[in-house]
Amino acid sequence: MGTFGRMTRWGVATLAALVVVGLGLAALVKVLGVQAGVQAQELSPGKTGGPSVSLVSAPLPSITRGQPGNVDLRFHIASGYHINSNQPAEEFMIPTALHMDATTDIVIGKINYPAGLDVAFEFAPEQKLSVYSGNFTVGVTVRPLHTVLPGKYAMRGSLKYQACDNRSCYPPKQLPVEFEVRVVKAPVAHRHRPPQSPHAHT
Amino acid sequence: MKRTFLVLVAILAGVTLMIFAAKKIKPTAANNSVGALRGAPAPDFELKTLDGKTLKLSDLRGKAVLLNFWATWCAPCKIETPWIVELQNQYGAQGLQVVGVSMDDASDGEDVKKFASEMHMNYPILRGTEDVGNSYGGLEFLPTTYFVGRDGNVTGRVLGLKGREDMEENVKRALATKDSTQRAQK
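Top line first, the protein sequences correspond to chains A and B. Going by the working numbering, the first residue of the first sequence is number 162, and it counts up by one from there. Going by the working numbering, the first residue of the second sequence is number 0, and it counts up by one from there.
Watch out, some of these pointers could steer you wrong.
[Claimed, not checked] Straight-line C-alpha distance at most 30 Å; calculated DSSO-like pairs for lysine-lysine:
| id | chain 1 | residue 1 | chain 2 | residue 2 |
| --- | --- | --- | --- | --- |
| 1 | A | K321 | B | K177 |
| 2 | B | K113 | B | K55 |
| 3 | B | K112 | A | K334 |
| 4 | B | K161 | A | K321 |
| 5 | A | K334 | B | K161 |
| 6 | B | K113 | A | K289 |
| 7 | B | K171 | B | K161 |
| 8 | B | K47 | B | K62 |
| 9 | B | K62 | A | K289 |
| 10 | A | K321 | B | K112 |
| 11 | B | K55 | B | K171 |
| 12 | B | K47 | B | K112 |
| 13 | A | K271 | A | K289 |
| 14 | A | K334 | A | K313 |
| 15 | B | K47 | A | K334 |
| 16 | B | K113 | A | K321 |
| 17 | B | K113 | A | K334 |
| 18 | B | K177 | B | K62 |
| 19 | B | K47 | B | K113 |
| 20 | B | K112 | B | K161 |
| 21 | B | K161 | B | K177 |
| 22 | B | K112 | A | K289 |
| 23 | B | K177 | B | K52 |
No lab work stands behind these hints: they were computed from the structure.
This is chain A alone, in the form it adopts within the complex (with noise of 0.2 Å):
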């Protein structure tokens, strides 16, 4: 009985310590999630993370060197948030644009953008704007030198876009792009060759 009891008493308190411990992170851990959306919450009740845009998938094309090739990059764009398209509607709007670094083995071709959703917003419902939202793809035609030996190639770059929401606009960014090519040779040309007669080197 009185080791049970003492088993008790140290069960209570074990369990009182980590019931403290779990308070004191729960309020480190809404603090710091109220600091972060202070600005975003007075502005937009409900909307917690920033106008971001990110890469959500680039696929790794085998490339034939000398030949162009497509690679297209997805984007996704946070919820609540839209960018311009390539070709705002207005003349002071920023255009959303994909700059390649030039590199020595691969040529970056065409940029093929998406066209643009017309969309009218809350702040002037009479204009419509020509804006990108949630994911959108932008084409880039790359053309592998015909010296550049097979491989992996690593391509950089950088997507300026400004965002904004129903009532306000953000900064413009620079979204770091990075995505990979393999460069493949030219497949053999396999020649027709009529069948030979049996009896011709004889």
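Starting from the known structure of chain A, fit chain B onto it as the hints suggest.
Showing chain B alone in chain A's frame:
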């Protein structure tokens, strides 16, 4: 003995975390909703206007100031600009001075001039700097508008695009203040 020690350490750690959280929460509460600067002297600055002159905020003491941070690339800023032009016309005689601070890049000077001309901005436009933005809370987004009373203290702010009524209400509140320093000098 060892278990006693562990329990005590755990309790101590929990209490420490709670005290730390409580200390952190104090300034956050002060920052919330009304704005950290409300009631405090508006941070002073001296910036260049579009035509190269210098304007110092504290030189406007005695006037109510609508301090509008904006940029050419900000669509909501473009929507509210005509309201601000109207407010300057309507309340200028009563002592309102609108000051626009463009947060465009320094290289976009021509765009700012063009925008100001197209929008018929009838008040001084200053070229903002990061330091000035930081002194007004970092300006995470635009438009952000502060209202400064005749005594040089912040009377309110509007974050993002709200409405002309919101701005006008804040202008009236700023105009209703008295410049205590001038009275003391008399």
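Against the structure, the hints:
1. K321(A) - K177(B): Distance of about 46 Å is beyond 30 Å: violated.
2. K113(B) - K55(B): 24 Å, holds
3. K112(B) - K334(A): OK: K112(B) and K334(A) at ~23 Å, within 30 Å.
4. K161(B) - K321(A): Satisfied, since the Cα-Cα distance of roughly 28 Å is no more than 30 Å.
5. K334(A) - K161(B): 25 Å, holds
6. K113(B) - K289(A): With Cα atoms ~22 Å apart, K113(B) and K289(A) stay inside 30 Å; holds.
7. K171(B) - K161(B): This hinted pair holds, its Cα atoms lying about 16 Å apart.
8. K47(B) - K62(B): Roughly 20 Å separates the two Cα atoms, so the pair holds.
9. K62(B) - K289(A): Distance ~38 Å between K62(B) and K289(A) Cα, so the pair is violated.
10. K321(A) - K112(B): Cα-Cα ~24 Å, so holds.
11. K55(B) - K171(B): 23 Å, holds
12. K47(B) - K112(B): 13 Å, holds
13. K271(A) - K289(A): 28 Å, holds
14. K334(A) - K313(A): 29 Å, holds
15. K47(B) - K334(A): Cα-Cα ~25 Å, so holds.
16. K113(B) - K321(A): 23 Å, holds
17. K113(B) - K334(A): 23 Å, holds
18. K177(B) - K62(B): 9 Å, holds
19. K47(B) - K113(B): With a Cα-Cα distance of about 17 Å, the restraint between K47(B) and K113(B) holds, given a limit of 30 Å.
20. K112(B) - K161(B): This hinted pair holds, its Cα atoms lying about 25 Å apart.
21. K161(B) - K177(B): Distance of about 27 Å is within 30 Å: holds.
22. K112(B) - K289(A): Holds, at about 24 Å.
23. K177(B) - K52(B): 28 Å, holds
Comparing the model with each numbered hint stated earlier shows that hints 1, 9 do not hold.
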